[in-house]
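Colleague: Sequence:
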Amino acid sequence: MLAIVGTDAVIMADALLSLGVAAPNLDRRRLEEDLGRLLSEYAHRPLDEMPVAEVLTKVMGIVRRHHLVLPPDLALLVKTVMMCEGVALQLDPGFLLVPRLLPFASRATSTESDGPQE
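So the sequence shown is numbered by the working numbering: it starts at 1 and just counts up by one.
Be a bit skeptical, because a hint or two may be false.
As the list claims (entries may be wrong) - If you anchor each label on the Cβ, the simulated ranges turn out as follows: (1) A23 - K79: 36 to 42 Å; (2) D92 - V10: 35 to 41 Å; (3) N25 - D92: 22 to 28 Å; (4) R45 - I11: 32 to 38 Å; (5) P93 - N25: 40 to 46 Å; (6) I11 - D92: 17 to 23 Å; (7) P72 - P93: 16 to 22 Å; (8) E54 - S106: 21 to 27 Å; (9) A15 - P93: 19 to 25 Å; (10) L102 - D73: 19 to 25 Å; (11) Q90 - H67: 30 to 36 Å; (12) N25 - P46: 23 to 29 Å; (13) P103 - N25: 36 to 42 Å; (14) D73 - A22: 15 to 21 Å.
Because the hints were derived from the structure by calculation, they are not lab data.
No residue lacks a Cβ here, since even glycine has one placed at the ideal position from N, Cα and C.
Take these sequences, add in the hints, and give me the full structure.
Modeller: Pasting the structure below:
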């Protein structure tokens, strides 16, 4: 999500590649171009109005198109987040997921930068 906010396709490509397994014939330049198009589509939106399920659906399309294999736990997490946002939007059409995720993302980011916890 941070790569989306910063609209940096190279960082997003690095993040995706670090999470999964890339095909040996991966065209990194095309991956970055696809991610760049996705990022530019959402660059004008405030983070707290980001349609998470929509963005994740498009990211997963890019992942499939470039034959990246994500860990099963991560793929399940993505599907779960998409489903939760969909259910929440049916119950409350004004529901915004990102403001509810930011505290968790902030804690996760600070924990990662602090190094391993003992």
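Colleague: Does the beta carbon distance between A15 and P93 stay inside 19 to 25 Å, or does it fall outside?
Modeller: 31 Å, violated
Colleague: Does the hinted range 21 to 27 Å hold for E54 and S106 at CB?
Modeller: At 23 Å between Cβs, range holds.
Colleague: Assuming the hint says 16 to 22 Å, is it satisfied by the Cβ distance from P72 to P93 or not?
Modeller: Because 32 Å falls outside the window, the suggested range is violated.
Colleague: Could you tell me whether the CB distance from R45 to I11 stays inside 32 to 38 Å?
Modeller: 18 Å, violated
Colleague: Okay, N25 versus P46 on CB: inside 23 to 29 Å?
Modeller: 38 Å, violated
Colleague: Can the suggested window of 22 to 28 Å be confirmed for the beta-carbon pair N25 and D92?
Modeller: At 45 Å between Cβs, range violated.
Colleague: Can you tell me whether the CB distance of Q90 to H67 sits inside 30 to 36 Å?
Modeller: 33 Å, holds
Colleague: Between L102 and D73, is the Cβ distance one that fits in 19 to 25 Å?
Modeller: Between L102 and D73, where Cβ atoms are some 22 Å apart, the hint holds.
Colleague: Check the following: the C-beta atoms of P93 and N25 are separated by a distance inside 40 to 46 Å.
Modeller: 43 Å, holds
Colleague: Given a hint of 36 to 42 Å, does the C-beta separation of P103 and N25 actually sit inside it?
Modeller: Taking Cβ atoms as reference, P103 and N25 lie about 40 Å apart, which means the hint holds.
Colleague: Between I11 and D92, does the beta-carbon spacing fit 17 to 23 Å?
Modeller: Roughly 33 Å apart at Cβ, these two residues miss the hinted range, so it is violated.
Colleague: Honestly, do A23 and K79 meet the 36 to 42 Å range at C-beta?
Modeller: Cβ of A23 to Cβ of K79: about 22 Å, so the range 36 to 42 Å is violated.
Hints 1, 3, 4, 6, 7, 9 and 12 from the earlier list are contradicted by this structure; the remaining hints agree with it.
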